[in-house]
Each structure stands twice: as structure tokens, then as C-alpha cells.
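Number of protein chains: 2
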Amino acid sequence: MTQPARAQEPGTTCTIHPGNEGAGVVRRTVLPGGLRIITETMPTVRSAAFGVWAGVGSRDEAPADAGASHYLEHVLFKGTRRRSALEISSAIDAVGGDLNAFTAKEYTCYYARVLDADLPLAADVVSDMVSASVNRPEDVEAERGVILEEIHMRDDDPGDLIHDEFSLALYGDAPLGRPILGTVESINALDRDRIHAYYREHYVPHNLVVAVAGNIDHDQVVRLVEQAFDGHLEGGERPKAPRIDGSPLPITPDVRVVDKDTEQAHVVLGGIGVSRTDDRRFALGVLNAALGGGMSSRLFQEIREKRGLAYSVYSYTSQYADTGVFGVYAGCQPGKVDEVLSICRDEVASAAERGITDEELERGKGQLRGAMVLGLEDTGSRMSRIGKSELVYESLLPVDEVLARIEAVTPDDIRAVAQDVLAAPQALTVIGPFGDRDFTL
Amino acid sequence: MTQPARAQEPGTTCTIHPGNEGAGVVRRTVLPGGLRIITETMPTVRSAAFGVWAGVGSRDEAPADAGASHYLEHVLFKGTRRRSALEISSAIDAVGGDLNAFTAKEYTCYYARVLDADLPLAADVVSDMVSASVNRPEDVEAERGVILEEIHMRDDDPGDLIHDEFSLALYGDAPLGRPILGTVESINALDRDRIHAYYREHYVPHNLVVAVAGNIDHDQVVRLVEQAFDGHLEGGERPKAPRIDGSPLPITPDVRVVDKDTEQAHVVLGGIGVSRTDDRRFALGVLNAALGGGMSSRLFQEIREKRGLAYSVYSYTSQYADTGVFGVYAGCQPGKVDEVLSICRDEVASAAERGITDEELERGKGQLRGAMVLGLEDTGSRMSRIGKSELVYESLLPVDEVLARIEAVTPDDIRAVAQDVLAAPQALTVIGPFGDRDFTL
Chain D
1 MTQPARAQEP
11 GTTCTIHPGN
21 EGAGVVRRTV
31 LPGGLRIITE
41 TMPTVRSAAF
51 GVWAGVGSRD
61 EAPADAGASH
71 YLEHVLFKGT
81 RRRSALEISS
91 AIDAVGGDLN
101 AFTAKEYTCY
111 YARVLDADLP
121 LAADVVSDMV
131 SASVNRPEDV
141 EAERGVILEE
151 IHMRDDDPGD
161 LIHDEFSLAL
171 YGDAPLGRPI
181 LGTVESINAL
191 DRDRIHAYYR
201 EHYVPHNLVV
211 AVAGNIDHDQ
221 VVRLVEQAFD
231 GHLEGGERPK
241 APRIDGSPLP
251 ITPDVRVVDK
261 DTEQAHVVLG
271 GIGVSRTDDR
281 RFALGVLNAA
291 LGGGMSSRLF
301 QEIREKRGLA
311 YSVYSYTSQY
321 ADTGVFGVYA
331 GCQPGKVDEV
341 LSICRDEVAS
351 AAERGITDEE
361 LERGKGQLRG
371 AMVLGLEDTG
381 SRMSRIGKSE
391 LVYESLLPVD
401 EVLARIEAVT
411 PDDIRAVAQD
421 VLAAPQALTV
431 IGPFGDRDFT
441 L
Chain F
442 MTQPARAQEP
452 GTTCTIHPGN
462 EGAGVVRRTV
472 LPGGLRIITE
482 TMPTVRSAAF
492 GVWAGVGSRD
502 EAPADAGASH
512 YLEHVLFKGT
522 RRRSALEISS
532 AIDAVGGDLN
542 AFTAKEYTCY
552 YARVLDADLP
562 LAADVVSDMV
572 SASVNRPEDV
582 EAERGVILEE
592 IHMRDDDPGD
602 LIHDEFSLAL
612 YGDAPLGRPI
622 LGTVESINAL
632 DRDRIHAYYR
642 EHYVPHNLVV
652 AVAGNIDHDQ
662 VVRLVEQAFD
672 GHLEGGERPK
682 APRIDGSPLP
692 ITPDVRVVDK
702 DTEQAHVVLG
712 GIGVSRTDDR
722 RFALGVLNAA
732 LGGGMSSRLF
742 QEIREKRGLA
752 YSVYSYTSQY
762 ADTGVFGVYA
772 GCQPGKVDEV
782 LSICRDEVAS
792 AAERGITDEE
802 LERGKGQLRG
812 AMVLGLEDTG
822 SRMSRIGKSE
832 LVYESLLPVD
842 EVLARIEAVT
852 PDDIRAVAQD
862 VLAAPQALTV
872 IGPFGDRDFT
882 L
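Note that the protein sequences, when read in sequence, are chains D and F. For the record, in the first sequence the residue sitting at position 413 is 413 according to the numbering used here, with numbers rising by one throughout. For the record, in the second sequence the residue sitting at position 80 is 521 according to the numbering used here, with numbers rising by one throughout.
For the record, the hints were derived by calculation from the structure and aren't laboratory data. This structure is a prediction, so every number in the text was calculated from the model and none was measured. Note that beta-carbon positions come from the ideal geometry of N, C-alpha and C, so glycine has one too. One or more of the hints may lead you astray.
To be verified - Restraint-style ranges between C-beta atoms, simulated for each label pair:
{"id": "1", "chain 1": "D", "residue 1": "P411", "chain 2": "F", "residue 2": "G474", "range": "42 to 50 Å"}
{"id": "2", "chain 1": "F", "residue 1": "D702", "chain 2": "D", "residue 2": "L86", "range": "34 to 42 Å"}
{"id": "3", "chain 1": "D", "residue 1": "R238", "chain 2": "F", "residue 2": "L844", "range": "45 to 53 Å"}
{"id": "4", "chain 1": "F", "residue 1": "N541", "chain 2": "D", "residue 2": "E141", "range": "38 to 46 Å"}
{"id": "5", "chain 1": "D", "residue 1": "T44", "chain 2": "F", "residue 2": "E803", "range": "41 to 49 Å"}
{"id": "6", "chain 1": "D", "residue 1": "E401", "chain 2": "F", "residue 2": "N541", "range": "25 to 33 Å"}
{"id": "7", "chain 1": "D", "residue 1": "D338", "chain 2": "F", "residue 2": "E582", "range": "30 to 38 Å"}
{"id": "8", "chain 1": "F", "residue 1": "E528", "chain 2": "D", "residue 2": "E21", "range": "33 to 41 Å"}
{"id": "9", "chain 1": "D", "residue 1": "P411", "chain 2": "F", "residue 2": "Q661", "range": "55 to 63 Å"}
{"id": "10", "chain 1": "D", "residue 1": "R82", "chain 2": "F", "residue 2": "T798", "range": "50 to 58 Å"}
{"id": "11", "chain 1": "F", "residue 1": "D853", "chain 2": "D", "residue 2": "D191", "range": "32 to 40 Å"}
{"id": "12", "chain 1": "F", "residue 1": "G816", "chain 2": "D", "residue 2": "F102", "range": "45 to 53 Å"}
{"id": "13", "chain 1": "F", "residue 1": "A857", "chain 2": "D", "residue 2": "R192", "range": "40 to 48 Å"}
I would like the entire structure built from these sequences, with the hints used as guidance.
What follows is the structure in C-alpha cells.
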């Protein structure tokens with residue numbers, strides 16, 4: 001692990017990773033007011049991805065603020081002191097760039113991907129949106145309708161809805177259990193004053209990271225950010241210690257059945273995984289690959305390839321600061337849901353008891369290694385890796401070290417994490433035309 | 442346009458595009474049996490995308506074969522003379538590659554994206570799948586269930602279903618009107634003999650293009666393909682002339698209302714656009730950008746930004762050999778559907794009558810240019826561009842020429858294509874809780 005930003009003197013720049021012949025050089029500047037700027041060079045591409053990461057997400061919301069992080073993300077596109085909503089979108093559309101944002105449980109990201117010559121424009125627009133939003137009452141009102149439509153769209157897509165329902169089954173009414181979008185009730189209850197106060201509280205220099213990857217020059221990026229954030233580089237509280245020091249959440253595994261008139265039944269079966277700093281995460285990644293991470297995985301082979309019971313079936317992991325999720329998803333005919341659930345339970349139990357074969361271990365390692373390297377060829381994914389790492393870890397694990405940690409996973413590591421994660425209490429969520437039928441774990 | 446493959450002597454290799462300092466070199470080899478191999482060099486990446494494109498899709502299906510192209514695509518993953526389904530997926534999973542396929546109305550593509558060192562493996566696996574599939578009866582049976590689940594999943598997602606319903610509204614029961622997935626009835630009626638005959642008829646050397654992009658060497662690719670296709674490089678009919686010589690389809694614009702108990706109403710309003718060789722396609726692209734192609738577009742501004750009526754609203758174009766589609770999509774509250782449709786109609790009519798402003802013209806050109814260049818940084822999209830072009834045009838329009846054609850679009854071109862496309866008869870499709878309510882165009 002590299003030196004954390006907390007240990008770096010404000011107003012200085014350091015090289016975090018030396019790179020190789022000018023490529024993959026990672027540098028970090030901490031401005032005097034606490035804003036962090038991290039960049040990675042990719043001299044052979046002709047584009048750049050410019051992102052601003054805010055250390056706020058749905059798990060930071062009090063119950064009365066449910067959905068505020070995501071609502072605010074929408075409002076930040078509506079105008080600044082210098083630009084209207086149309087001027088923001090026109091500027092990036094005119095150069096064929098992508099401008100977008102997303103809100104997660106622990107962070108929010110705004111980014112633009114543009115040709116390298118357009119980096120000054122992208123840096124100015126995105127920095128302006130994030131640092132100088134005016135959050136006008138009429139814009140907050142208009143955007144309420146958009147967010148309610150986003151909620152309705154999610155409700156109409158059972159393969160999307162199931163994941164929000166599963167979070168509730170696993171974490172209950174704790175912040176991690178609640179949907180990022182909020183609810184119709186909570187969105188209707190939020191007003192401009194609350195949204196604006198939320199913005200003032202969380203969008204402060206100490207809680208923001210600017211991340212840039214592509215054909216860029218670090219010093220130029222720092223100058224562009226200083227200009228664009230003009231007047232918004234000081235102030236605000238330093239946030240509490242990063243969440244990686246948090247304590248585990250109370251967990252309330254549960255069975256949830258949502259009756260819905262759908263063609264397919266959707267199921268998620270799963271439980272608590274590992275946190276993002278847990279040393280077992282590499283072993284869990286390999287185990288996940290073998291159990292449900294690809295077409296050669298046990299669940300895909302048993303449920304889809306051999307029996308033709310599902311089109312979509314997979315397992316997955318999510319990591320948070322102090323906890324994580326391991327889950328299995330399948331969509332199938334309602335009349336086949338018991339058969340599919342039975343196979344899922346058997347495969348989970350079998351892996352919990354006996355781990356995986358040596359062949360699956362080697363294949364899982366290769367799968368993680370290859371996917372990691374292939375996933376780092378575009379500027380957007382490089383930007384995300386450094387920005388998210390800086391925000392949530394305050395440091396960056398070099399790619400070579402990640403690959404070495406994957407390679408070092410042993411059969412004993414797999415058996416241990418399989419026992420810890422797969423043999424622990426599970427939660428189950430089912431959506432489909434089931435009336436008041438009971439399901440058991 | 443470059444020389445078409447038809448004019449290239451079988452057994453020869455030619456350089457289609459000289460590239461620049463070893464990058465962007467496009468070469469084509471036509472093997473003696475008619476298989477075409479086209480490659481593009483990207484020496485600064487560490488990966489390669491290997492694809493095989495077959496000139497067959499849902500529009501080639503007789504009514505009794507509806508869904509056969511896509512069904513066959515699934516079956517090709519189930520095993521060859523040399524490999525079981527598990528051996529196919531394991532080989533690519535073990536190196537962390539992506540192995541996938543998709544079926545469209547006019548073509549089917551199978552591809553793997555891997556680290557450059559794994560190209561021989563990817564070439565062998567994908568070529569083997571496509572050229573030596575055994576299509577065992579039990580595999581055809583098992584895959585039937587998977588495809589029926591894919592159909593049910595589409596039926597449960599109204600934002601996906603609406604596009605299949607709109608094709609029916611626009612093209613009626615013509616082949617282009619039918620869904621790529623087929624129907625529950627047509628899938629249940631297809632059997633192994635029919636699937637296998639379809640495979641033998643369409644997967645012949647003259648009807649296949651191998652496309653490869655990345656850190657690759659053309660001559661090595663040719664050797665790999667010759668080895669992997671061993672015994673399957675000869676035979677089969679030369680297909681009829683490419684579809685670009687086809688005549689326009691009969692069109693039956695229609696209003697379709699699908700009653701469904703959803704939270705949102707989904708609408709598509711649109712009509713016939715331009716074919717993929719139509720000179721007006723660049724002007725229609727710019728017009729589409731201005732009308733509904735981005736956040737700064739008229740439809741996004743009017744429906745989402747100002748009024749907050751929708752989360753998702755956009756216009757789009759699709760091109761086929763002899764026809765095309767221009768459509769407008771929006772998802773909104775069922776009670777707002779008349780207001781949203783009214784705005785859509787007004788914006789379409791206004792653009793048909795008055796075209797777009799000079800500012801919108803310049804922005805639309807910039808948007809197309811930037812998106813094109815940004816979209817060509819990864820190996821998968823470069824592979825797709827050359828493979829699809831070779832298959833459907835038998836030649837390749839260089840990127841610089843595409844950019845020049847976009848730049849050359851004039852206000853008169855926009856007015857003319859707006860008149861041709863937007864003032865022509867439209868079709869309308871609505872999904873939502875509307876019972877037997879009537880909608881009119």
C-alpha cells in the first residue's frame with residue numbers, strides 16, 4: 001500500500017507509482033484546503049477521463065434524508081453560477097464527450113470522458129457542477145418528477161428490483177439496507193433547503209477527490225482544477241475517519257417475498273461477505289468465480305448449461321467499508337423456482353463444505369487476473385480505480401500487488417472463506433406471481 | 442470506399458488502409474474457399490478482440506424458422522467435435538477473457554476479447570465453435586428452455602419489449618418486423634434437424650468474416666484461422682448478392698397498444714429512416730443528435746429537463762441494408778402519456794418543418810465526431826467496425842472519410858432529410874395500464 005493522503009503534507013505533490021516509460025505514472029497532489037487530485041498517465045491513448053468523487057452515498061443518509069445523495073446528484077446537473085443545465089450538457093455534447101454520474105452506497109461520482117484536447121473543457125464543466133451548484137428551488141422541483149420516474153422504472157424491472165429488495169432482506173432498515181434511490185415517500189418529503197444543506201455539508205474539499213486518467217499531464221490537471229474550483233477550495237469540516245475504521249453492522253437475515261405478476265421468478269440467495277479491506281477478499285473473489293462468476297462456473301453449468309432452467313444465473317460479491325455481500329441470482333419459470341433454489345442451496349453448501357477443485361482454483365485465478373488487466377485498458381476504468389481507491393482507502397494497491405495477492409490464494413484460504421461466508425446465515429428474496437406463498441431458507 | 446472483397450482474387454492478401462506508424466493498418470485476406478479475414482493493428486494495447494461474423498440474422502428466417510438464427514447462436518456454445526460446452530467456456534474463463542455472441546436482424550457475431558498472448562487460444566476456440574459445432578439433439582433441447590427464459594425476461598422488461606413491439610408496428614409481419622428471439626410458439630416448434638440444416642446452410646466460408654483488432658500480426662492471424670478452421674474452409678454456396686442491392690420493404694405503419702400492469706407508460710413514436718448506404722445517413726445522424734441524441738437535445742430538454750416528465754427519453758436511428766428506422770422513446774407516468782406524446786409530436790413536426798439551428802448543427806457534428814473517435818479506442822469496437830463493414834458493405838469507409846462526411850453536412854441536407862423522414866407516416870407503440878384505450882398517431 002502507498003502512503004495515505006492523510007500523511008501527505010497539504011500543498012505538496014508526490015509520485016505514488018513510478019510507472020514504466022511514462023505510462024502508468026500515478027501522482028497525487030493535496031491542495032492546502034484538503035482537495036486531493038490523483039492522476040494516471042496513459043500516453044498511448046488520445047482521450048482522457050476526468051472524474052470528481054464525493055465521499056457521500058446512501059449509507060450516510062438519516063432516515064428522513066433517504067435518497068438525498070442520489071437526488072443531489074441529479075440536481076448538480078441543473079446549473080451553476082456560471083452555467084445553465086443546457087450550457088452544461090451542450091458543452092460536453094459539442095465535443096462528443098460522455099458526461100454522466102452515479103451514486104452508490106458509499107460515494108458519488110461525476111465524470112466526463114473526452115478527447116485529450118478537450119480536457120480543459122471537461123475539467124471546467126465537471127468541477128463547476130460539483131463546486132458551484134446553485135440548487136434552485138424550481139430545479140429541485142422539476143427533478144423530483146425525474147427521480148420518481150427512475151423509481152418507477154426500477155419497479156417495472158424485476159431483475160433490478162430484486163437487488164434492492166435483497167439489501168432490505170439482508171441489512172433491514174440499517175442505512176446499507178435502504179435503496180439508493182430512496183422511496184416515493186422520502187423523495188416527496190425532501191425539499192430544496194434540505195438538499196442544499198446536504199450539498200453544503202458533504203461537498204467540501206476534504207471530502208472530494210479529483211481523479212483523471214488518459215493522455216494527460218499532472219501539473220496541467222492541477223492548474224485546471226485550481227482555476228475551475230476557484231473560490232471553493234477552502235472550508236468545510238474534515239470528515240470523520242474513513243469508513244474502513246467502522247464497526248460491523250447489525251445484520252438481520254430474512255426471507256422477503258414480493259408478489260408480482262411477472263413471467264419469470266427472480267431469486268437472490270446470499271449473506272454477508274467480506275469488507276473491502278479484508279484480506280480474505282482475494283480468496284472470496286476466486287471462490288465466486290468458481291461458484292457463479294462465469295460460463296464455466298458450477299451454477300451456470302448446473303442451472304443453465306445442463307438443465308436449461310435459466311437464461312441469467314450468476315453469483316457476485318460487493319464490498320463496503322466494514323461489511324460485504326455474497327449473493328446468488330437466478331431468473332426462471334415460476335414453476336421451476338423450487339428446483340432452481342434447491343440447486344443454488346446445494347452448490348453453496350457443497351462449496352462451504354468441500355471448497356473447490358485445484359482446477360477451479362487455477363481457472364478462478366486466471367479469470368480474475370485476466371479480467372483485471374483487460375479491464376484497465378480504457379481511461380474510464382483507470383480513472384475509477386484511482387479515484388475510488390483514493391476516496392475509500394486513502395491509498396492505492398498497485399496492479400502488480402493485486403495480481404500477486406490473487407496468485408497467492410491457497411486451497412486453505414478458499415476453504416476458510418467458504419466456511420466463513422457460505423456456511424453463515426443466509427437471506428432469501430423472491431419476486432414473482434407467488435401470492436402469499438411462504439419460502440424458507 | 443475501398444476495393445470490395447468480391448473484386449479481390451481468392452488466395453490473396455491486400456492492404457486496405459496503410460495506417461500510421463504501424464497503427465491502424467487494415468489488411469484483408471480472402472482464402473481460396475471464400476472465407477474473409479480482416480485485421481486492424483493497435484500496437485499500443487496489450488489485448489486483442491477476435492470475432493467471427495456470419496451473414497445471417499432474423500430477417501433471413503422464413504416464418505416457420507422465426508428465432509432460428511438466435512437459437513443457433515446459443516447452440517454453438519454447446520460443443521464441437523473437439524470440445525464440450527464446459528471446455529469452451531473454461532478455456533476462455535481461465536485466461537480472464539470475455540467470450541460472447543449476439544444475433545441481430547442481418548448478422549450474428551461470436552467474439553472473444555483476451556490478452557494479446559492468448560490470441561492463439563481465442564482464435565482456436567471461437568473458430569472451432571463456429572466451424573465444427575455438433576448441435577447434439579439433447580443440447581438443442583436444453584437450450585430451448587434457456588431461450589424461452591430469455592423471451593420471458595424480455596417480456597418482463599417493458600423498456601426492452603417496447604422496441605420489439607414497435608418493429609411489429611412499423612414492419613408488420615415482414616421479416617424485419619419479427620423479434621430476433623422468435624416467439625414461444627416458434628421456438629417450441631424448432632427441432633434439431635431444422636437448426637442443424639440452418640447451420641449447414643448459412644455457416645459456410647463465403648458467408649463468414651473473421652475480424653481481429655488489437656496487438657496482432659495479420660499473417661499470424663491467417664495461420665491461426667487456417668489451422669482452427671481445418672477441414673471447414675471449403676464448400677457451401679456463395680450467398681446471393683449482399684442485401685445492399687435489395688429493394689425496399691413494404692411498410693405498414695400502425696398503432697399498437699399493449700395493455701400491461703406497469704408503473705410507467707412506455708412509448709415509441711417513429712417511422713422509416715434511411716438505409717446504411719444512403720448518403721443521407723450522416724445528415725440524419727446530426728438531426729438525431731439535435732432532436733434526441735444527448736442531454737442537450739430538444740426532447741431531453743423539453744421532457745426531462747424543463748418538465749421532469751421522464752427519466753429516460755431519447756431518439757435513435759437504426760440502419761439496415763435497404764431501409765432504416767428513426768424513433769423517439771420515452772417512459773413516463775401513465776397519466777402523463779398524452780402530454781409526453783404531444784411534446785414528441787410537436788418536436789418531430791417542428792424539426793420536419795424548420796430543421797435545426799446553426800448552433801445545433803455544429804453541436805451535432807461535434808457530437809458525432811467525438812463519439813466516433815472516442816468509440817474506437819478499444820479492441821472490441823475496432824473489431825466490430827471492420828467485421829461488420831466487411832460483412833454488410835464488403836468494404837470499409839476509412840474513419841477520416843466518415844469524419845469528412847459528417848463535417849460536410851449542410852443546413853439544406855438537414856432540412857431535406859428532416860422532410861423525408863420526419864414528415865413521413867409514423868407508427869406508434871404504447872405499453873402501459875391502458876386497458877382497451879385507443880391512441881392515435
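Going down the list of hints, with the structure as the test:
Hint check: P411/D to G474/F, Cβ distance near 48 Å, so the stated range 42 to 50 Å holds. Between D702/F and L86/D the beta carbons are some 37 Å apart, a value that agrees with the proposed interval 34 to 42 Å. Our hint of 45 to 53 Å for R238/D and L844/F holds, since their Cβ atoms are close to 48 Å apart. As the Cβ distance of N541/F to E141/D is approximately 43 Å, the hint placing it in 38 to 46 Å holds.
At about 30 Å, the beta-carbon gap between T44/D and E803/F misses the expected band of 41 to 49 Å. Distance hint for E401/D and N541/F: a CB-CB separation of about 30 Å, consistent with the stated range 25 to 33 Å. Between D338/D and E582/F the CB atoms are about 22 Å apart, so this pair departs from the stated range of 30 to 38 Å. A hinted range of 33 to 41 Å for the beta carbons of E528/F and E21/D is consistent with their spacing of about 39 Å.
Look at P411/D against Q661/F: about 37 Å separates their beta carbons, and that is not inside 55 to 63 Å. For R82/D and T798/F, the hinted distance range of 50 to 58 Å is not satisfied, since their beta carbons lie about 23 Å from each other. Checking the proposed 32 to 40 Å range against D853/F and D191/D shows it is violated: the Cβ atoms sit about 49 Å from each other. Separated by about 20 Å at the C-beta atoms, G816/F and F102/D break the suggested range of 45 to 53 Å.
Distance hint for A857/F and R192/D: a CB-CB separation of about 46 Å, consistent with the stated range 40 to 48 Å.
When each numbered hint is compared with the structure, violations occur for hints 5, 7, 9, 10, 11 and 12.
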